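Letter by letter, the chains look like this.
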Amino acid sequence: MTIEADRIDSVELCRAVAAFKAKGCRFVTITCVGADQRGAELLYHFDRELALSHLRLTVAGDEVPSICGIYSAAFLVENEIQDQFGLRFNGLVPDYRRTLFLAGEDSLPPFRRKSGPDQEE
Amino acid sequence: MAGTILPFGPQHPVLPEPLHLNLQIEDEIVVSATPAFGYVHRGLEKLADIRDFRQMIQVVERVCGICSMIHALTYCQGLEELMGIEPTPRARFLRVIWSELHRLHSHLLWLGLFADAMGFESLFMQLWKVRERIMDINEATAGNRVILSVNVIGGVRRDLDSGQTAWILSELAEVEKGFSAMSRTILHDYTVQKRTRGKGALSRSQAMELGCVGPMLRASGVSQDMRLLGYAAYGELEFAPVVEQDGDCYARCRVRFAELGQSIGLIRQAIAKLPAGDTSVPVKGRPPAGEVVARAEQPRGECLYYIKANGGKFLDRLRIRTPTFANIPALTVMLPGIELADVPVVLLSIDPCISCTER
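Protein chains in written order, with this note's numbering: chain A, 1 to 121; chain B, 1001 to 1359.
Be aware that one or more of the hints could be misleading.
[Stated by the list, open to error] Only pairs whose alpha carbons sit at most 30 Å apart, straight line, appear in this in silico DSSO-like list of lysine-lysine:
#	chain 1	residue 1	chain 2	residue 2
1	B	1129	A	114
2	B	1177	B	1129
3	B	1284	B	1273
4	B	1313	B	1177
5	B	1199	A	21
6	B	1046	B	1273
7	B	1313	B	1284
8	B	1284	B	1046
9	A	114	B	1273
Quick caveat, the hints were computed from the structure, so don't treat them as lab data. None of the values given here were measured: they were computed from a predicted structure.
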């Protein structure tokens, strides 16, 4: 069983999220499924009248466009993902620079995998 | 930067848990608010790497005490969907009963704290006295007051006999009498109205755009409640969300107060329709594989679990989006423009649970 989600890349992300907002969808959250040195996989969840829709973003590297300019509420979960997975969201406001939950001296993202997203450690 | 930066929390008389707000103040008026966390973060999601998917039921129950039962319920429902397991009818109704008992004691706890934040100390004590009856029901039926530990994959581990259901109904009648006696003060007192009406207001479109959930969303005129999805036995009970239109602290208070009576009504319906039979189904076969999103309505709103499993005993990923995590961004819009003295009331109106946020 897998979640039905539209697969997109970084270039398409903001346009796809803006389309959900234009339809009146409520932003639910972002799930970082996994991240390592090769890239990351994120799921964006939206709700419209109790029906969930998902976007599946696969990125190479650590940089992801922020959707804060579209849904300002995304700042909290994007900062959390920065803390936990070591990704960097471009355009994130406010940017806690990995101090939302971490204490500054913790430099290793605790959820980041050493190998690929689909491989065992 | 103009104005003064005032640190609010993490230790503050109105906060039962540590939350920090950097408030930018000009002439006692809040200009901006930036939340900060990290004082009690536990990394519970990461425990899925080293704990069996069955052991994780005990872990997710400890995300939050106030809604522990519904955390375990959401997690178990997600795994049941992945494993193709249908819980027994009796288990589905029992899950509703314990879920609504949790909502009752959570809302009574919040109403008490809210009253205390406004200076109504005797009201706070009276509400918590009423709440004790719910805690007694929890203890008598599940063995614990807070962490009930009743959910298992495929059903529940405890049952209610006819004597217990009759006793629960008589206790709920007393609970209803208890909070109804306080309705005049909670809903119509001059001070309560003065402190809550028009404070921290969110329009319908703002609440939607900010991703609000639960009573926050319903107080702004959005009729959304995950119980409408019909999970457990909610699909077989009469239910319509409580909705208010003003979107302010008073509207949130009205929604939660009305939901007390609604929860009692749901428990009465569930007990009246409680089917006979087993409380769980045996779970056989391989560990779960695949990914699923499960949602349920906690006292504070929608809770979302993302589960990714690979057929082994450890999950690939467990993600928990708690309701307070969804409601906190709204504070950045609700607080600017209000007086500093109103910050505690507006902050409490979201029913913040830092234990959930720092899971």
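Hint check results:
Taken as a hint, the residue 1129 of chain B and residue 114 of chain A pair is broken in the structure, with Cα atoms around 52 Å apart against an allowance of 30 Å. For the suggested pair residue 1177 of chain B and residue 1129 of chain B, the alpha carbons sit about 12 Å apart, so the restraint of at most 30 Å is met. The hinted pair formed by residue 1284 of chain B and residue 1273 of chain B meets the criterion: a straight-line CA distance of about 29 Å does not exceed 30 Å. The suggested pairing of residue 1313 of chain B with residue 1177 of chain B is violated, with an alpha-carbon distance near 48 Å, which exceeds 30 Å.
A hinted pair counts as satisfied when its Cα atoms are at most 30 Å apart, and residue 1199 of chain B with residue 21 of chain A qualifies at roughly 27 Å. Between residue 1046 of chain B and residue 1273 of chain B, the direct Cα distance comes to roughly 40 Å. Violation of the 30 Å bound is thereby established for this hinted pair. Of the pairs offered as hints, the one joining residue 1313 of chain B and residue 1284 of chain B holds, with about 13 Å between alpha carbons and a cut-off of 30 Å not exceeded. This hinted pair checks out: residue 1284 of chain B and residue 1046 of chain B have alpha carbons roughly 26 Å apart, not beyond 30 Å.
Taking the CA atoms of residue 114 of chain A and residue 1273 of chain B, the gap is about 52 Å. The hint is violated against a cut of 30 Å.
Comparing the model with each numbered hint stated earlier shows that hints 1, 4, 6, 9 do not hold.
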